[in-house]
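A.B. asks: Just so you know, the protein sequences line up as chains Z and R, in that order.
Heads up: the first sequence begins at 1 in UniProt numbering, then just goes up one per residue.
Heads up: the second sequence begins at 1 in UniProt numbering, then just goes up one per residue.
These are computed hints drawn from the structure, not numbers from a lab.
Just so it is clear, the structure is predicted and the values come from calculations on it, not from any experiment.
Beta carbons: idealized from backbone N, C-alpha and C, even for Gly.
Be aware that a few hints might be false.
Stretch-level coverage of chain Z by chain R, calculated; a stretch enters the list once three of its residues show a Cβ under 8 Å from a Cβ in chain R [as the list claims (entries may be wrong)]:
# : stretch
1 : 39 to 45
2 : 99 to 109
3 : 316 to 324
Non-contacting residues of chain Z with respect to chain R, defined by C-beta distances greater than 10 Å in every case (computed) [stated by the list, open to error]:
#  : residue
4  : G20
5  : L82
6  : P124
7  : N186
8  : L192
9  : D207
10 : D217
11 : D332
12 : F361
Taking lysine to any residue and the SDA-like style, the derived pairs with C-alpha atoms no more than 20 Å apart in a straight line are [claimed, not checked]:
#  : chain 1 : residue 1 : chain 2 : residue 2
13 : R       : K124      : R       : P111
14 : Z       : K277      : Z       : K317
15 : Z       : K317      : Z       : D342
16 : R       : K200      : Z       : S276
17 : Z       : K143      : R       : Q196
18 : Z       : K143      : R       : P111
19 : R       : K200      : Z       : Q165
20 : R       : K119      : R       : V44
21 : Z       : K11       : Z       : T253
22 : Z       : K102      : R       : P111
23 : Z       : K244      : R       : P111
24 : Z       : K244      : Z       : T290
25 : R       : K200      : Z       : L129
26 : R       : K200      : Z       : Q144
27 : Z       : K102      : Z       : Q139
28 : Z       : K206      : Z       : Q165
29 : Z       : K34       : Z       : Y57
30 : Z       : K111      : R       : K119
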Amino acid sequence: MTEENKKIKLKVSNVTKIFGKHTKKASQLLSNGKSKQEILKLTGATIGVNQANFEVYDGEIFVIMGLSGSGKSTLVRMLNRLIEPTYGEVLIDNENIISMSKEQLRNVRRKKISMVFQKFALLPHRTILQNTEYGLEIQGIAKQTRHEKALQSLKLVGLEGYEDQYPDQLSGGMQQRVGLARALANNPDILLMDEAFSALDPLIRKDMQDELLELHDSMGKTIIFITHDLDEALRIGDRIALMKDGNIVQIGTPEEILMNPSNEYVERFIEDVDFSKVLTAGHIMKRAETVQVEKGPRVALTLMKNLGISSIYVVDKQNRLLGAVTAQNAKDAAENGVSLLDVLEGEVTSVPSETLLTDLFEMVSTASIPVAVVDDRNRMRGIVIRGALIGALAGNDSYIHQSEIMEPSVLKEVN
Amino acid sequence: MNKWLPRIPLADWIDSFVDWLTSTFGGLFDGVSSGVENSVDGMVNVLGLFPPIVLTIIIGLLALWLTKKSIAVFTFIGFLIIDYLGYWDAMLNTLALVLTSVIISIVVGIPLGIWSSQKQMVRKIVTPILDFMQTMPAFVYLLPAIFFFNIGVVPGVVASVIFAMPPTIRLTILGIQQVPADIIEATESFGSTTAQRLMKVQLPLAMPTIMAGINQSIMLALSMVVIASMVGAPGLGEEVYRAVTQLKIGVGVEAGIAIVIVAIVLDRITQNAGKRKKRGNV
């Protein structure tokens, strides 16, 4: 998936919101490059969002992140015109919704774009089912059909059986599921989620994030997610836009933002990131020393001797992991004239390269040999050694690769 | 007193304005007058069809259905007392006067309240008028009411409506404006029309507040019955008024107690009717 062949679902160009009275003068000053503070001083107008430009691809999770007051909630509300931009364009499927009539806009809101709110914003006088079908009801869809669709969407979020309850009978997490089900019932292309999980406690929040990712996998909606929580952004975002004082300061994949913060602000933002929840085995693995099984125990022994290691991974011709052999076992095999297969330790720990460091700790600490990293066809990609794991967590860049392509590096490493 | 500024002849202007209204809209006033009179009389006649004990039981059962046992018992005993004190017919007249005033307050007040909640301009015009209606001494508009509608129950109803309608309007506005902004945002975000937002979200959520307004209107209308009796409206107020002017303290207290009983019953029933609505309303 390269960026060039992705379809653009939503394009935001030059979108600006100025709050206050002298918006004309303020926008003039803004285009002359005056800062937010200067404009506030000169006109009394506040810049909510300053000339935001970005594109969201079909089916991606685009996270807009910033601290409170950075303009992220204002920005997301301009995407469905709950807030009217002072100027700028918002194109959804190449149609500019800013120039639409009320009628057309209503149609877009009903069919294409739904929103999930921070404080759930459920209707307290309606049951869960009635809440879920609200969007369909106002489109005049027949009762039977909208019941079915609402039930389906409640099932998706795991709220079967709660149809007849009222919102205040549900916990926060469940209420937000209703919010999500209500948004999904319309079958929109785009989901706007405004700090949707921020009001939930941390454990529930994590569950909801997982479920959102699952739903996203199965339904392929385009999701624009607002958050002030960097961990959340890194966890769920395909790409992240970082906002500060109404400006978008950087847009990139989580990895790009972590590895190449574009300025000091971003750097400061990410300095407290728990790297163990961002970096993967692929980031810290080293090239693995392997021996093909048919080369025999003598070759294995020689390799180990030359490299100064006490055990080596054994692979087949396609580089698929078979197991590991220790120097002692290889020596015995060579003396007794049996093949490597007979002395092979088949029960070795192997992980896919996407495994987060946080999930690696236990394996690395208990394994007697470096943990093997394999791809989905069990081919050997590399190994993770303790030193690299600890080094990476300490923020030492020399242990972290930005891509997963291995460079031959230090080989002399005994676990 | 400033002698070098001529006195503004506001009183004269108003006198001629009232004259002009009477002569120009006489037909309209007559129409309103007979309409209101018919509705009050109709109500009294219908309520009068039931023997007192039957009506007492019906209202008692209504209280039981809408509220709780203790209030139903109070209602039953209270109405029996009114009957045994000999104020049954007067009470029916008062009930009809109050109910008519309140129905008019609701029919006019709620739409006006809704309109005001949607348009700031309307709200700006309506609010000072409401202040006027609530604070202007009742006797001031009682007199022109007699000009327009003659002596009798109608000017009583008009005075009650003027005094009793503001809470309904005010609390309708308040109730609608109190609907949380994020809920309004949510309804907007799904593409609701203004009418859908109002009917499906704002009004249902404002209902408890609107009911509180109606409850207040009922109580204010009841508080006007003595004043209404001064322009010839029959009922418990008339009994109180007569007793007071003739210095019959005992009779005054009797009729006063009857008014209090009616007030408590109407208050408890309407208050609980608002809360009784299915759960989730709170």
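A.B. asks: Hint check: Z/K111 vs R/K119, CA-CA at most 20 Å. Holds or violated?
C.D. replies: 29 Å, violated
A.B. asks: Between Z/K317 and Z/D342, does the CA-CA distance stay at or below 20 Å?
C.D. replies: Holds, because 17 Å separates the two Cα atoms, which is no more than 20 Å.
A.B. asks: Can we trust that Z/D207 is non-interface, i.e. its beta-carbon lies farther than 10 Å from all of chain R?
C.D. replies: The assertion about Z/D207 holds, with a minimum of 23 Å to chain R.
A.B. asks: Could you let me know if the closest chain R CB is still more than 10 Å away from the CB of Z/D217?
C.D. replies: Label holds. Min Cβ-Cβ 25 Å, cutoff 10 Å.
A.B. asks: Does R/P111 sit within 20 Å of Z/K244, going by the straight-line distance between their CA atoms?
C.D. replies: 46 Å, violated
A.B. asks: Please verify that the nearest CB of chain R lies beyond 10 Å from Z/F361's CB.
C.D. replies: Fine: 41 Å to the nearest Cβ keeps Z/F361 off the interface.
A.B. asks: Taking the shortest Cβ-to-Cβ distance between Z/G20 and chain R, state whether it exceeds 10 Å.
C.D. replies: 19 Å, holds
A.B. asks: Would you mind confirming whether the straight-line C-alpha gap from Z/K277 to Z/K317 stays at or under 20 Å?
C.D. replies: This hinted pair is violated, its Cα atoms lying about 34 Å apart.
A.B. asks: Given the hinted pair R/K200 and Z/L129, is their Cα-Cα distance within 20 Å?
C.D. replies: 15 Å, holds
A.B. asks: Holds or violated: R/K124 and R/P111, Cα atoms, limit 20 Å.
C.D. replies: At roughly 16 Å apart (the allowed maximum being 20 Å), R/P111 and R/K124 satisfy the hint.
A.B. asks: Take a quick look at whether Z/K143 and R/P111 sit within 20 Å of each other, Cα to Cα.
C.D. replies: Outside the cut-off at roughly 29 Å; violated.
A.B. asks: Decide if the proposed pair is consistent with the structure: Z/K102 and R/P111, CA atoms, cutoff 20 Å inclusive.
C.D. replies: 25 Å, violated
Violated hints, in rising order: 1, 3, 5, 6, 7, 8, 14, 16, 18, 20, 22, 23, 24, 28, 29, 30; the structure is consistent with all others.
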